[in-house]
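Each of the two chains sits in its own frame; use the hints to bring them together as a complex.
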Amino acid sequence: MRTVAVDILTGFLGAGKTTLLRHVLTHGLQGKPVAVVMNEIGEIGIDGKVVTGLANVEKMVELSSGCICCSIDDYKFDLAIQEIVETAKPHLIVIESTGLADPEPLAYRVKSSGLGLDAVITLVDAANVERQLKETQVARAQIEGADFLVVNKVDLVGEGALERIEKRLARLNPRAERFRTVRGAIESDVLFATGVAAYRERARGSSDHLDADGISSFVYRSRRPLRQEPFERLLRRLPSDVVRAKGIVRFAGRDWHCLFNVTCGRHELTWIKLEGSAAPAENQGVFIGRALDRHRPEIEAALAACEAEDERRAEHG
Amino acid sequence: MADRHPQPSPAENEEPKPPTATDTAYTEEEEAEVHKRLEDLGYVE
Numbered sequence: 001m002r003t004v005a006v007d008i009l010t011g012f013l014g015a016g017k018t019t020l021l022r023h024v025l026t027h028g029l030q031g032k033p034v035a036v037v038m039n040e041i042g043e044i045g046i047d048g049k050v051v052t053g054l055a056n057v058e059k060m061v062e063l064s065s066g067c068i069c070c071s072i073d074d075y076k077f078d079l080a081i082q083e084i085v086e087t088a089k090p091h092l093i094v095i096e097s098t099g100l101a102d103p104e105p106l107a108y109r110v111k112s113s114g115l116g117l118d119a120v121i122t123l124v125d126a127a128n129v130e131r132q133l134k135e136t137q138v139a140r141a142q143i144e145g146a147d148f149l150v151v152n153k154v155d156l157v158g159e160g161a162l163e164r165i166e167k168r169l170a171r172l173n174p175r176a177e178r179f180r181t182v183r184g185a186i187e188s189d190v191l192f193a194t195g196v197a198a199y200r201e202r203a204r205g206s207s208d209h210l211d212a213d214g215i216s217s218f219v220y221r222s223r224r225p226l227r228q229e230p231f232e233r234l235l236r237r238l239p240s241d242v243v244r245a246k247g248i249v250r251f252a253g254r255d256w257h258c259l260f261n262v263t264c265g266r267h268e269l270t271w272i273k274l275e276g277s278a279a280p281a282e283n284q285g286v287f288i289g290r291a292l293d294r295h296r297p298e299i300e301a302a303l304a305a306c307e308a309e310d311e312r313r314a315e316h317g
Numbered sequence: 001m002a003d004r005h006p007q008p009s010p011a012e013n014e015e016p017k018p019p020t021a022t023d024t025a026y027t028e029e030e031e032a033e034v035h036k037r038l039e040d041l042g043y044v045e
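Top line first, the protein sequences correspond to chains E and U.
At position 69 of the first sequence the residue is numbered 69 (the working numbering), and the sequence of numbers has no breaks.
At position 15 of the second sequence the residue is numbered 15 (the working numbering), and the sequence of numbers has no breaks.
Chain U extracted, bound-state conformation (with noise of 0.2 Å):
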């Protein structure tokens, strides 16, 4: 039989971890270009 009240796994009750350096999208140098490109289009200075 199924449990009705199954017990939260490890990962459900592990606090999120913060953001590293590997968890982020951009490398330093394509933070800088991504800027660049937004400052260019005028979305900001």
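This is chain E alone, in the form it adopts within the complex (with noise of 0.2 Å):
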């Protein structure tokens, strides 16, 4: 279970949501496994149908009658991801929520049944997020809970208007990453947790390479186990610019390996057990962001200090 990692695709009615994961589908997520959650509060679901049969979904359930933040219960949506991770055998679940879903309290949903939150994204719809913020509290709960905020429909609206949104979103929420998109055609790898790789492939090909979006990505590898403490210290720590760190580490005095994952300031740590091939032989780790030549030594010094010593001093100091 903890190999498989969740996204949550929100965003208030209207915004965009199927569209883009149409698109991402279609053309991003590197042709990895993907098994698709959609929630419906009608009977019938419509969207579902927009996605099912593209080629790497392998699996697509619909959660119909009742948002799945709030009315579909704990069993119900414990069963339906675990029928998904054991028929399917995903790698990434992408799960869209209804367009009046409060994002938080289905992450903690999430993280609840044991799988990895990878990131919230939400969709804003550039054309009407005034209206809705000001008649509903639930289109602040998604940008405020939101990772990355994808505002959608920019053609809709000028220039001005849409340097007021953003402004008004990042008051909302400083934390998040911002993309502009037209009709959800996002090209950015960044988002989603299968995209992550394609950073890594990038980095061991250049180490200054820049993507269109302007973000970069370099690789972190060392042999010697780490200190927890720190490395838990230099996550929380690190530059607003880092979008995204991934990677694996064993901690000193530690038999499990951890895998950590930070996504636009939130980090997580996951602990798996692993032997044999499955085991890396060092530390590993990506770092993905904007102006990253200038973050890179920092990061990587502080990386270096985190390093235990020997693995007994690190046990009893």
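Keep in mind the hints are simulated off the structure, nothing from the lab.
Treat the hints with care, since some could be wrong.
[Stated by the list, open to error] Simulated pairs of lysine-lysine, DSS-like, Cα-Cα distance not exceeding 27 Å: (1) K76/E x K111/E; (2) K167/E x K134/E; (3) K36/U x K111/E; (4) K89/E x K273/E; (5) K273/E x K36/U; (6) K89/E x K111/E; (7) K89/E x K76/E; (8) K89/E x K36/U; (9) K273/E x K111/E.
No experiment lies behind these values; they were computed from the predicted model shown.
Structure follows, in structure tokens:
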């Protein structure tokens, strides 16, 4: 279960969630096996039909007749997740919520079910967000709970209005990374868990490779075990330009490996017991973000400072 | 009267045995599957 990542796709009614999902399922996600959980309030799922049958969609489950954040009970949710994991064996589960769902309780539910929460992606309807924020509480909750804010339908508003909207979004959620799109056609790999491997691959090719979205990456490797406390402190204090950081490390005095995942300032550690060929011989990580040529030396120095001098001293120190 | 200094049981005296193939959490096939998943999700290469 720990090796299945979950991305939550949320956004107000009509923001373009299914359109974006269809786009990334068609053009992105690196062809990895993906399962989609679609939550619609009505009895008949319309959106589900839009993504069923796409090449890398191993499984499509519709949770209808209730909102996934509040009215579908834990048992039904866990059952659906368990069925997906066992039958489709996906590497990534994308949960598309209803337009009225608050992502916070849903994120909590995902973590409680033992899955790794990768990111909360909120679609914002540029043409209607001001009115939605005025009329509803949930529009605000969706923006505040996001790791990534995708401002969609930017072609329907002028540049001045767009700047005003982005300023407001930044005030509501200064932590989130923002993108602009038209009809959900986002070209960045950074949003979904399966895109991280692409940045790792690019970092191997050229250390200063910069994507069209201005985001670059570098890879960290070391053979010594790390001290957990300073490592966690490092993750908490990463510069805000670091959009994602992800990898596997071994801490001194611990038998299990630790998977770390940082998404826009929110970090999670999960533990995994690895043996044989599954266990990497070294710590590995990838750091993804903007202006990394400036931040890299500082991050690498901080990582080196986390290395335990020897395992026994770290255990008793 | 209870013995205040009980002898350690034989099990406590024994050296821990190195793990055998049957003690490992995964079969070779499962190890490869886990590695592939970690690779796909960007944790390792």
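Results for each hint:
The straight-line distance between the Cα atoms of K76/E and K111/E is roughly 16 Å, inside the 27 Å bound, and the hint therefore holds. Note on K167/E and K134/E: the hinted pairing holds, with a Cα-Cα distance of about 16 Å set against a maximum of 27 Å. Restraint check for K36/U and K111/E: the C-alpha separation of about 22 Å stays at or below 27 Å, so the hint holds. The hinted pair formed by K89/E and K273/E meets the criterion: a straight-line CA distance of about 19 Å does not exceed 27 Å.
Between K273/E and K36/U the alpha-carbon distance is near 15 Å, which keeps this suggested pair within the 27 Å criterion. For the hint pairing K89/E with K111/E, the CA-to-CA distance comes to about 18 Å; that is within 27 Å, so the pair holds. A distance of roughly 19 Å separates the Cα atoms of K89/E and K76/E; the hinted pair therefore holds under the 27 Å criterion. For the hint pairing K89/E with K36/U, the CA-to-CA distance comes to about 12 Å; that is within 27 Å, so the pair holds.
Restraint check for K273/E and K111/E: satisfied, since their Cα atoms lie roughly 19 Å apart, inside the 27 Å limit.
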